[in-house]
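Undergrad: Residue numbers (my numbering), protein chains in the order written: chain F, 23 to 314; chain U, 37 to 469.
Fair warning: there could be bad hints in the mix.
A short, non-exhaustive set of chain U residues, derived as facing chain F with CB atoms under 7 Å [said to hold, decoys possible]: (1) I121; (2) S123; (3) A126; (4) Y150; (5) E152; (6) A237; (7) N238; (8) W291; (9) E434; (10) S444; (11) L466.
Residues of chain F clear of chain U, computed beta-carbon distances all greater than 10 Å [stated by the list, open to error]: (12) N69; (13) G124; (14) L131; (15) G263; (16) V300.
Note that these hints are calculated values from the structure, not bench results.
Ideal Cβ positions, reconstructed from N, Cα and C, are used throughout, including at glycine.
If you want the building blocks of each chain, they are given just below.
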Amino acid sequence: MAKTTLTKKINLYGWLFVIPAALFIFILNFYPMVSAFLLSLQTGRGNNLKFAGLKNYARLFQDEMFLTSVGNVITYLVIQVPVMLLLALVLASILNNPKLKGRGIFRTLIFLPCATSLVSSAMIFKSFFSIDGIVNTTLMGLGVLQSPMSWLTHPIWAKFVIILTITWRWTGYNTVFYLAGLQNIDRSVYEAARIDGASASRQFFSITIPLLKPVILLTTIMSTNGTLQLFDEVRNITNGGPGIATLSISQYIYNLSFMYNPQFGYAAAVSYAILVMVAVLSFIQIKVGDKR
Amino acid sequence: MKKTMCVVLALLLVVSSLAFAGGKAETAAAAADPNAPVTLTVWCWDPTFNIFAMNEAAKIYAVDHPNVKINVVETPWNDLQQKLITSLSANAASNLPDIILMQDNAIQKNVMTYPEAYVALNGKIDLTQFAQFKVDVGTIEGKHYGVPFDNGATGTFLRRDIVEKAGLKVSDFNDITWERFIELGKIVKQKTGIAMISTVANEPDFPMLMLQSAGTWMFDEAGKAYIKDNTVLKEALRITKEMVQSGVCILVPDWNAYIATLNNGTVASTINGCWISGSIQAEKSQSGKWAVVNTPRFANIAGSVNYSSQGGSGWMVMANSKHPDVAIDFLAKTFGGSVALYETILPASGAIATWLPAAKSPVYSTPIEFFGGQKIYEDLVNYAGKVPNVKYGVFNYEARDAIARALSEVMQGGSIDAALATAQKNVEFLMSE
């Protein structure tokens with residue numbers, strides 16, 4: 023009898039402690055999500071909104087700028103995510119080597135980009151690739167370029183600079199995940215493999231990658247999600263240009279809301295399009311990656 | 037005891053989170069007494085220009101109205117626009133200041149989207165004393181919303197020393213066509229190795245000022261997008277491309293790089309709104325080396341003149357202001373009624389008036405040493421009077437963006453007709469609902 027009241031009391035405290043956080047999550051997260059969805063069903067400018075059903079969603083498919091921004095983001099995704107994750111995996115394997123001297127320093131250095139603000143890293147990369155920036159100066163000094171190259175005004179090179187910036191900023195972040203994953207792999211597995219005569223690359227592909235699969239899946243989903251919502255880098259490095267060659271979906275949402283005549287309903291529909299894309303891609307990745 | 041504490045703490049958390057969600061109550065006190073202290077908040081950008089002018093205006097107004105305090109908050113234009121839209125769309129206009137500075141090319145959009153947010157100034161400020169083209173910019177459906185401030189009249193700002201080194205005279209650049217400008221640019225490039233002019237790569241600044249010089253814009257009388265068959269626009273893109281391809285014009289990635297080309301002598305000239313003179317004069321070592329002439333015109337478009345406008349702005353009074361009458365009176369007695377104000381801000385910041393009585397002040401006819409003794413302010417005010425009037429329209433930013441993209445496609449070798457057809461389609465899409 024006494025025990026039940028105690029359990030009840032503990033439960034009560036539990037609820038009391040959970041409620042504030044739950045309330046915040048509800049108010050700051052779920053409520054905006056629902057109201058953004060309702061907003062996406064309305065058309066109009068500013069506050070003169072009227073209900074229009076799924077019209078905004080139908081509009082998406084005729085919107086050349088939206089489709090271009092989706093194309094841009096998919097380009098970033100397809101090139102950047104695999105390159106970055108492979109790089110992170112390689113770095114993590116190197117850093118996991120117990121014989122490596124100064125591991126602590128290298129780990130810190132590789133994680134450090136994550137501690138910089140997105141805007142400042144974007145500004146720094148922008149200055150690297152400006153007409154009189156360090157990249158042009160170096161390449162001209164080496165004789166690779168005859169005259170300064172205008173990286174950021176070229177549709178393909180501008181994309182390259184953005185991909186480079188994201189990779190620099192996020193590789194260390196993913197490396198940390200892989201390091202944590204690697205530390206859970208039993209050393210004896212590698213020992214056994216070595217005794218059986220497996221080469222280092224064989225160990226990497228036949229032990230490290232399969233055993234890290236859950237972590238790789240997690241990082242893939244996170245990176246995909248992050249790249250689909252790309253904003254800061256594009257806004258600061260090229261502002262979507264030249265033309266709309268580097269425009270990301272999030273920046274298009276920003277333009278629709280704050281640059282152009284505000285079309286909040288349509289902008290909300292675009293943001294739900296990102297949600298659907300993230301959901302679909304994550305679903306595919308889970309289906310492909312998780313074969314348990 | 038411990039348990040009671042736990043409960044109390046947890047309850048406290050719940051209550052505080054609810055209080056946060058609830059929001060703060062509004063405290064507003066109406067001032068009935070005319071001498072009661074009033075604080076007007078102003079949002080504007082550029083400390084050396086607009087903010088400086090606003091603070092000077094505050095000093096002048098304070099002489100007769102010591103109870104009125106002006107609180108200027110530096111707010112860059114992009115932030116200002118974003119804050120305006122966010123606050124107005126959330127029905128939270130109380131976050132907004134009493135007076136804002138508005139870009140000329142955004143005023144239509146903002147007033148049409150939120151007409152209730154701004155105070156119409158009809159009959160409250162004498163706008164007949166301002167340059168007509170600036171008043172028209174801020175007039176929507178017969179209501180005047182803007183008090184014109186900085187002048188966007190364009191000029192060709194030239195490096196006297198560089199063009200003379202190329203064997204040319206400053207006057208060779210006055211009253212010329214764009215074709216002639218390119219020819220002269222080639223001569224300068226060939227003789228001195230210095231590019232004639234620079235522009236920000238992703239911005240259609242040249243096509244925009246070319247359009248206005250021909251009295252045309254990207255919208256027709258009915259407000260429909262006029263891009264695809266706009267012959268002026270086609271010509272503007274063609275000339276801009278030719279300037280870049282011939283090496284006369286160099287492209288820079290952003291605004292800072294653009295200003296750097298002026299200050300470090302990478303280019304021999306720039307064509308922009310007269311407010312650029314502030315940035316030019318910031319480089320003291322180039323004193324005496326600059327000159328101003330008017331803007332090139334089209335050779336083969338009727339009605340094209342050597343005058344245009346780029347990037348002016350005006351003051352607006354917000355409807356949420358608790359003291360709209362004080363705000364209007366303040367603007368009327370300073371920016372719309374004080375020669376002394378313009379006499380102070382002109383030499384210090386180069387802020388050229390659109391309030392015509394100020395242009396009669398002797399300050400405007402002072403020779404400016406930085407420009408080799410040229411009376412540049414007199415010349416620029418003179419240009420301002422001849423700028424063709426255009427309606428920027430509600431969808432100006434959409435169209436401007438589309439032209440930026442078209443320009444970039446043309447630069448990459450695309451056809452002008454195809455690029456403009458795409459631009460027309462994109463703008464029409466954004467205009468539809």
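Undergrad: Hint by hint, note whether the structure agrees.
TA: Against the structure, the hints come out as follows:
For U:I121, the suggested interface contact is upheld, since its CB lies about 5 Å from the closest CB of chain F, less than 7 Å. For U:S123, the suggested interface contact is broken, since its CB lies about 11 Å from the closest CB of chain F, more than 7 Å. Given hint, U:A126 at the interface with chain F, is violated; its Cβ is 9 Å from that chain's nearest Cβ, farther than 7 Å. Contact between U:Y150 and chain F, as hinted, is supported at the beta carbon level, the nearest pair being about 5 Å apart and thus within 7 Å.
For the restraint placing U:E152 at the interface with chain F, the shortest Cβ-Cβ distance is roughly 9 Å, beyond the 7 Å limit, so the hint is violated. A hinted interface residue such as U:A237 counts as satisfied when its beta carbon comes closer than 7 Å to some beta carbon of chain F; here the least separation is about 4 Å, so the hint holds. The restraint placing U:N238 at the interface with chain F holds, with a minimum CB-CB distance near 3 Å, inside the 7 Å limit. Interface hint at U:W291: violated, since its Cβ lies 11 Å from the closest Cβ of chain F, which is beyond the 7 Å cut-off.
Checking U:E434 against chain F by beta carbon gives a least distance of about 5 Å; that is within 7 Å, so the hint holds. Among the interface hints, the one on U:S444 holds; its C-beta lies about 4 Å from the nearest C-beta in chain F, closer than the 7 Å criterion. Of the supplied interface hints, the one on U:L466 holds, with its beta-carbon coming within about 6 Å of a beta-carbon of chain F, less than 7 Å. F:N69, annotated as away from the interface, has a beta carbon of chain U within 10 Å; the closest lies near 6 Å.
With a least CB separation of 38 Å from chain U, F:G124 remains clear of the 10 Å interface cut-off, as annotated. Look at F:L131: its CB is around 29 Å from the nearest CB on chain U, clear of 10 Å, so calling it non-interface holds up. Chain U draws F:G263 into its interface by the beta-carbon criterion, the shortest separation being 3 Å against a cut-off of 10 Å. At roughly 25 Å, the least C-beta separation between F:V300 and chain U is larger than 10 Å, which holds for a residue marked as non-interface.
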